[in-house]
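Trainee: For this one, chain P is given, so just place chain R on it according to the hints.
If you want the building blocks of each chain, they are given just below.
Protein chains: 2
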Amino acid sequence: MKKYNTACPSGFPEFTPAQERVRQQWLAVIREVFEKNGFLPIETPLVEHEENLVAKGGNPKEIYVLKRLHDDGEEGHSGNAVRFDHTVPLALYVARHLNELAFPFRRYVIGPVMRGERAQKGRFRQFDQCDIDVVGMENLSLLNDALMPAIIIQIFEKLKIGDFVVRINNRKILLGILEIFGVQPQKYELAMKILDKREKISDEEILEELESAELTGLQAQRFLNFEISNKNNDDVLKNLREHLAFKTSKIFQEGVMELQIVIHALKAIGISESRCRIDLSIARGLDYYTGTVYETTLLDDRISGSICSGGRFDDLAEIFTGKKLPGVGISIGLTRLLAQLFEAKILQPDRSSPTEVLVIAADEKYLSHALELGTKIRAMGFATENYLEGKKLDKQFSYADKLGIPVCVVIGENEVKSGTAQVKNMKQKKQEEVKIKDLEKMLKNVLE
Amino acid sequence: MKKYNTACPSGFPEFTPAQERVRQQWLAVIREVFEKNGFLPIETPLVEHEENLVAKGGNPKEIYVLKRLHDDGEEGHSGNAVRFDHTVPLALYVARHLNELAFPFRRYVIGPVMRGERAQKGRFRQFDQCDIDVVGMENLSLLNDALMPAIIIQIFEKLKIGDFVVRINNRKILLGILEIFGVQPQKYELAMKILDKREKISDEEILEELESAELTGLQAQRFLNFEISNKNNDDVLKNLREHLAFKTSKIFQEGVMELQIVIHALKAIGISESRCRIDLSIARGLDYYTGTVYETTLLDDRISGSICSGGRFDDLAEIFTGKKLPGVGISIGLTRLLAQLFEAKILQPDRSSPTEVLVIAADEKYLSHALELGTKIRAMGFATENYLEGKKLDKQFSYADKLGIPVCVVIGENEVKSGTAQVKNMKQKKQEEVKIKDLEKMLKNVLE
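Chains as they are written, first to last, in my numbering: chain P, 55 to 502; chain R, 55 to 502.
Wrong hints could be hidden among the right ones.
Given that identical chains are not distinguished, each listed pair holds provided it fits within a single copy or across any two copies.
Straight line, CA to CA, 27 Å or less: simulated DSS-like cross-link-like pairs of lysine-lysine [said to hold, decoys possible]:
1. Lys446 / Lys321
2. Lys495 / Lys212
3. Lys292 / Lys321
4. Lys491 / Lys321
5. Lys285 / Lys212
6. Lys90 / Lys212
7. Lys430 / Lys484
8. Lys90 / Lys214
9. Lys471 / Lys445
10. Lys115 / Lys56
11. Lys498 / Lys212
For the record, the hints were derived by calculation from the structure and aren't laboratory data.
Next comes chain P alone, as it looks inside the complex (with noise of 0.2 Å):
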């Protein structure tokens, strides 16, 4: 007999049903907090017009193309590309629906992308992204980048998920200091994305790249060691105010007021500093942010990297629209988080099975009772399952143990004759025998 390999394809993972039942109940949640805040769902293919991935930066190498295992020439089927992030396709979106959309336009799209990298562990090539954005014509006020981290607040409480720190910045500081240490205009990106390895590897390994980037070892010194460290936000832009580059860069300047401006409004609404704090290390080089950056870390130590990034941008879709269109943005890595919550134990989900009442018969003539009685439970608003096999009673409470089912109810001859049932608590190993008419009242009780 063929041997086939029934695993998953390598980066490719997939949850068991108990932790399932978790990534479920963190996606209406997440769900639930976008929309309370006023974003609109949208949806889009799974694939666009390999171009319009490629124009946008995505990365060659990690760009998936579908195509037919066996290609007949059909037209239509070759030239798409699977989405490697939600902003493109969110750029495609505004350009395909420009005349329907009220702007500023908020959205949110919750769904998987993928980028062929190499596997390995953490690392995924199939993940979920769970994306808002808020996208302006022409202007979008600096207000909206308050928000993103006032929504992600909301989330991550609302999950409880422990202690985190949404951090935030302004790239617009970090090209002003490049400026004032009198770093080549061009070689600002590639310092950025240097500096945005700062937690992956060590500070003599950023120096040695900042050189070999052909930054001077002084320059690559004061740009690395720049840092204003007070655990005050509001100290932090005092002395951002007072720094010498203040006075003598222009981008400097924009970056400080502007972040001024975005700490101010959250405090507005209430966002305590312990949650909300600036960190002006963040670099997201990356990414092909503008201004105000946003990296989210789980002040744990088994849970690394930034859980939600984000930051605003000045361009969205020009090259799609031949308009202005400034937007910001932010994303939870939902599959890598969860997979290193569960990794580490920190997230242990309870049961595999949505029910609550699992209805048994004890003999199998009293199956169509059984049926019966499971849609009355079903219709008082319990998740209500039978037991339809007709195996012996301990092989059925067994089924309810293995599944964490909370209680099972019981009829046979007895039962059927008289018009009660036996109600079984599984966790107390309990079992009573209650009329019909009270089985509501009970259930309530064992079940809340």
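Mentor: Below, chain R without anything else, positioned relative to chain P:
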């Protein structure tokens, strides 16, 4: 300037935000009913090893595979094919988690699948399927076959899609008919496939096809015309039991007995005959069902085809697991159904934004007051958005109108001084000043 084709790739549709809001509401209902019936959520990767999809009957001409745009020969990127349904991934999921699962394994899955079909109106290459299946170890009670229509009926009634009927049959009855008419066994499958086209092509064409499949003219006629048409399920069953074939064909007899058990169970759980009716012409010829089969029809001329189909299969994953795993399942073709309902204007989305309250500053000076107020209103439980762009009042109101936001709350100098806000009911174009402390009650009145 380069011109980009920003349209969705052919066959890969997307909805407008207003339509997407409906889709999200539908998904929530479908998910809720699946869970109320005790089905576990799972989610499998979008791709599986190519040979596994081909092994389980995927049409190679319709299977998409993933390649990287610039393949550097790195391992693990090729040989991955996109799922074309949720049944083969279910088989693989069961194989991967065989020892962790409790049987019967009841799972639901909601998500996109891809088929490289010829692009045409109403045919998509990417579309969502919402599937439930119950998979047994070695055996699976026929009562599960009654649950499928029962669950689908709960969903479609909750979604208020109008009058519909789940049509049910058992393929063994059709096989028995072919047997009794003397058709050679190796022609059974083809004959079923041809019968399956019944609603798409004329009877003459069916007869022609049956004859070119080497049925005699008489066999073809009799097969096509075999029908016991009664409105009443019990009468149909009675006629089937009295049919000549019942005595002479074992498989026919089996089919009738099975159908009878399912119909009796449907009665026990209170499903009315107007919702679930025997239809002996249902063949599901293109799928690999072995017993019960379902199709669901919306009783509206504008909606064509089955909106929800499924059936029983003897063998889910024997080639992957070496075990006998019979199952029964049903699937809603969500994308196609929604697209048709929108197209026919049977479903008319009312508004695109989830926002209930838009908070507006009459003057830019009061934007941070407005932000504070917005946070307060959101904490009351209303979906709340701040308009932050500092535009004139009429521009802000027309933004609310375009999105269908029902209420605007406006604050300016007077309101900030007197601790009040203006509440504008956008439908009635009525504005009223209220004290902030009375705002919650007032908004509840307007929004409920």
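Trainee: Could you run down the list of hints and mark each one as holding or not?
Mentor: Now the hints, each set against the structure:
{"no.": "1", "hint": "Lys446 / Lys321", "result": "between (63 Å within a copy, 25 Å between copies)"}
{"no.": "2", "hint": "Lys495 / Lys212", "result": "between (30 Å within a copy, 25 Å between copies)"}
{"no.": "3", "hint": "Lys292 / Lys321", "result": "within (16 Å within a copy, 76 Å between copies)"}
{"no.": "4", "hint": "Lys491 / Lys321", "result": "between (55 Å within a copy, 22 Å between copies)"}
{"no.": "5", "hint": "Lys285 / Lys212", "result": "within (25 Å within a copy, 53 Å between copies)"}
{"no.": "6", "hint": "Lys90 / Lys212", "result": "both (13 Å within a copy, 24 Å between copies)"}
{"no.": "7", "hint": "Lys430 / Lys484", "result": "within (23 Å within a copy, 46 Å between copies)"}
{"no.": "8", "hint": "Lys90 / Lys214", "result": "both (18 Å within a copy, 25 Å between copies)"}
{"no.": "9", "hint": "Lys471 / Lys445", "result": "within (22 Å within a copy, 73 Å between copies)"}
{"no.": "10", "hint": "Lys115 / Lys56", "result": "between (34 Å within a copy, 23 Å between copies)"}
{"no.": "11", "hint": "Lys498 / Lys212", "result": "both (25 Å within a copy, 24 Å between copies)"}
Checked against the numbered hints above, the structure violates none of them.
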